[in-house]
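K.L.:
Sequence:
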Amino acid sequence: MKILRTIPKNDGFYMPAEFEPHYGCVMIWPERGDSWQYGGYAARKAFIRAACVIARSERLTVLASEAQYNNARAMLPENIRVAELSTDDSWARDTAPTFLTNGKIIRGVDWGFNAWGGLVDGLYFPWERDRQLARKLCDLYDTDVYDMRDFILEGGSIHSNGKGTILTTEECLLSTGRNPHMTKSEIEQRLKDALGAEKVIWLPNGIYNDETNGHVDNICAFVSETDVVLAWTDDESDPQFERSSACLEVLQSSVTAGGEKINVHKLPLPSPVLITEDECDGLDTMDGLPTRTPNERLAASYVNFYISNDAVVMPFFCDKNDEPAHKILQGLFPTREVVGIYARDILIGGGNFHCLTQQIISP
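Everything in the sequence shown is counted per the numbering used here, starting at 13 for the first residue and increasing by one.
In short, the hints are calculated from the structure, not lab data. Check each hint, because a few of them may be wrong.
Said to hold, decoys possible - Below, a list of computed lysine-lysine pairs in the DSBU-like style, where the Cα atoms sit at most 30 Å apart: (1) 116 / 211; (2) 204 / 278; (3) 175 / 21; (4) 21 / 273; (5) 116 / 175; (6) 196 / 175; (7) 14 / 211; (8) 339 / 278; (9) 204 / 148; (10) 332 / 278; (11) 116 / 148; (12) 196 / 211.
Please work from the sequences and hints to get the whole structure.
P.N.:
Shown next as structure tokens:
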């Protein structure tokens with residue numbers, strides 16, 4: 013593995029879309045007690061279901077700590093590789109490398125990571141094992157890696173259409189806990205250089221009360237080069253209405269890097285998901301303080317899905333909008349099976365299936 017300090021775009025590398033072919037996928041076994049209530053057993057059931065769907069069509073590797081390796085190996089089917097590798101939590105989207113290609117080979121990007129805001133508004137400390145993960149995975153997969161550790165970025169904060177257009181949010185990438193020494197234009201240029209892109213579309217914000225400072229992967233995602241889904245509510249009294257409306261306005265007035273109009277498909281949100289007192293009681297404290305409070309609204313969204321080679325894994329919440337959202341996604345992915353998996357126990361950890369996964373693209 014070579015550690016590269018050149019510019020990916022200048023080297024001819026770019027970030028493909030998630031709906032393009034994958035070689036594989038990386039996930040991380042849930043374990044952290046202040047993220048996963050009551051030992052994480054309920055979360056692992058959903059995790060395993062998602063893993064099994066993904067592993068049908070791509071090579072899945074699940075990372076597990078030394079303490080949990082034997083559990084993970086016993087509970088996952090044989091076609092899923094389990095590797096012992098230490099991390100601080102299970103959000104592979106944000107800590108694993110972003111993979112780029114030049115059409116012949118792939119390379120990883122090792123972004124800086126500070127647990128979604130560092131000492132300003134980060135979610136835990138320390139985060140050193142997470143910070144080391146991208147480089148270790150590139151070593152594991154025998155790919156060269158670009159050193160971008162001077163730039164704080166999580167994989168959940170970007171989406172690519174594979175043709176030069178990147179989606180992100182101002183709420184996240186302009187937050188004071190990321191890269192406060194950089195201007196918006198400097199951040200945009202860094203994204204273009206690192207991801208081989210020509211255009212960045214800045215949405216104003218993400219999902220209400222999203223503790224990642226509004227990751228784009230929870231509110232909007234490319235489903236084709238010119239089509240996106242946008243988390244949506246018609247309830248004008250919901251704080252999400254104003255947020256989604258602002259994003260819609262930007263999308264409707266934007267075009268792709270190729271000059272094509274963006275088609276927006278509204279994906280209904282579930283009813284507000286509020287954490288219960290019993291669920292809070294099952295979480296460990298962090299530095300003696302609770303990580304959740306009863307009736308706190310969680311950042312539930314159907315947009316937080318993962319696109320595998322032959323399926324789409326989407327969260328379900330036992331909500332009236334589960335099936336309508338499923339129908340919309342199935343219509344947008346006619347060649348893939350859209351699989352809904354009950355995900356409340358994943359959501360309590362702070363994210364969902366897209367957050368739990370990072371694709372390893374085909375060259």
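K.L.:
All hints are to be evaluated individually against the structure, with a verdict given for each.
P.N.:
We went through each hint and held it up to the structure:
{"no.": "1", "hint": "116 / 211", "in the structure": "holds (23 Å)"}
{"no.": "2", "hint": "204 / 278", "in the structure": "holds (27 Å)"}
{"no.": "3", "hint": "175 / 21", "in the structure": "holds (13 Å)"}
{"no.": "4", "hint": "21 / 273", "in the structure": "holds (24 Å)"}
{"no.": "5", "hint": "116 / 175", "in the structure": "holds (17 Å)"}
{"no.": "6", "hint": "196 / 175", "in the structure": "holds (22 Å)"}
{"no.": "7", "hint": "14 / 211", "in the structure": "holds (28 Å)"}
{"no.": "8", "hint": "339 / 278", "in the structure": "holds (12 Å)"}
{"no.": "9", "hint": "204 / 148", "in the structure": "holds (25 Å)"}
{"no.": "10", "hint": "332 / 278", "in the structure": "holds (16 Å)"}
{"no.": "11", "hint": "116 / 148", "in the structure": "holds (22 Å)"}
{"no.": "12", "hint": "196 / 211", "in the structure": "holds (13 Å)"}
Of the hints listed earlier, there is not a single one the structure fails to meet.
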